Amino acid sequence: MSRMLIQRFARTRTILVAASALSIFSVGHMLYDLTAKYKRVGQIQSGLQICGSRANQSYTASVIGDASSIYLDSNFTSATEECFAEASTLVEDFKSLPTAIAKKMNTLVSNVHWFHESLRSTGNGFTVKASDDGRNTSSKYSAVESEIGATTELIDSHGEQLNNSLSNLKVALFFSGLVLLVCGGWEAIERRKLKQAQSEIEDEAFAELISEDHSTATKVEEIIVQALELNEMVHCSKLLTTYRQNVLKSFENLSTYTPMKDLVTPMAMVTSTDEVETEIKANQVWEESEAVEEKEEVSCDIEPIASKIVDHLSNKLIAEGIMVDMDLADSFVNGDAESLEQVLYYVVLDALKNTNYASDKKVVINGKGLGSVYNLEVTSCGQGRESIENTSIEISKEIIADLNGRMEVVNYYNDQKEVAGRKVRVILKTAQKERAIITPAQSEKTLVRLEKGTKREILERLNA
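For the sequence shown, position 40 (counting from the first letter as 1) is numbered 42 according to this note's numbering, and the numbering increases by one without interruption.
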């Protein structure tokens, strides 16, 4: 249960890291966009203030009656109108502003124009022309001032909204960065713990490999299951456990099952009255009973099996330029040929793959009998003994163990006492006797003499 919770937390942590990284990117982009808009609004506000100041200067000059003032010059008033026109163009181009601001700016530009029209030229400058129809300078400027105030208020309101949005985005960016920092630190700590746990399992597995005591299947299964679960491969660990249980059940069934013909000596009731038929049945029963007692262990010759494997891999040897030196003497051992062929194929193929890490592409296969055991060695140049053996070697070890043998992998050293490759040693029991090979000529039967009688009578005649 705790492991499932840890895995869920790990997935949640990964999701948080991805979400925070994505949010930082998105919020950063939005923050950049809003900052640009806020600066644009500030530029419009500043421009509107400058234009309003120019209109106020013209109005002040007209009020005091300073006809020679530059603020009443036609060039100055034209520049003021252009200033308001540019501000209106900025507002129209800035699509994110409300339409009410654009309408206010258009009204403001029109009011400024009519304000300047209220100033009449006398040839030396502008004077205020009094009028009773409401078109006097004060009323026109009041309209301009009112529109400037209303427009500025709308722009300030929009700028305040942008400022609030910027503040919210900054807070979101801060929390996203905080989540990313916390999850990143958490991930770093968990990875360090994972590395430490993997190192401990590696040390435990290596201790089992170099131990002189044979590792039990339960211990090996425990180490492999821990390694798989540590890497969140729960289904693989369950598959391994289930497979081992099925294998054990199969071995138990094989060990407890004994065919009926092996438990009971063949017997038969002879009821025929024909003496010849009775003798044939008696001989058959006798031969079957002797066959039950005479059981020999299965043996085979390794040399043709090894030659067959090398021939099978000849294309790979030629393509990669690998040289194989084989010397197998007195190669009759206990074991079935099919199992030994599978083991030798895995071992030789592993040796060929190991030559990829060496300049000297050479594989040596030696074998010789040492008393009651046969020592087969497959030496390859390349990497040394692996800390974690591959699946093929593990399967080969199990098969050899079933044949009452053993397999070990050791480092191969060169003359400078440096690791130059690895050596796979397979130790099997030597066959006690070699089966005679019966040729077709020897298997032919020739009738020499026919004698009639029971088996006991025939044996008594032969012994006489």
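Any given hint might turn out to be false.
Restraint ranges, calculated between C-beta atoms of paired labels, are given here [said to hold, decoys possible]: (1) V312 x T244: 17 to 23 Å; (2) S167 x L242: 30 to 36 Å; (3) D158 x T62: 34 to 40 Å; (4) A152 x E88: 15 to 21 Å; (5) F27 x N77: 47 to 53 Å.
Hints were generated in silico from the structure; no laboratory data involved.
The structure displayed is predicted, hence computed values, not measured ones.
Idealized CB from N, CA, C, for every residue including glycine.
Do the hints match the structure? See the list:
| no. | hint | in the structure |
| --- | --- | --- |
| 1 | V312 x T244: 17 to 23 Å | violated (37 Å) |
| 2 | S167 x L242: 30 to 36 Å | violated (56 Å) |
| 3 | D158 x T62: 34 to 40 Å | violated (25 Å) |
| 4 | A152 x E88: 15 to 21 Å | holds (19 Å) |
| 5 | F27 x N77: 47 to 53 Å | holds (52 Å) |
Comparing the model with each numbered hint stated earlier shows that hints 1, 2 and 3 do not hold.
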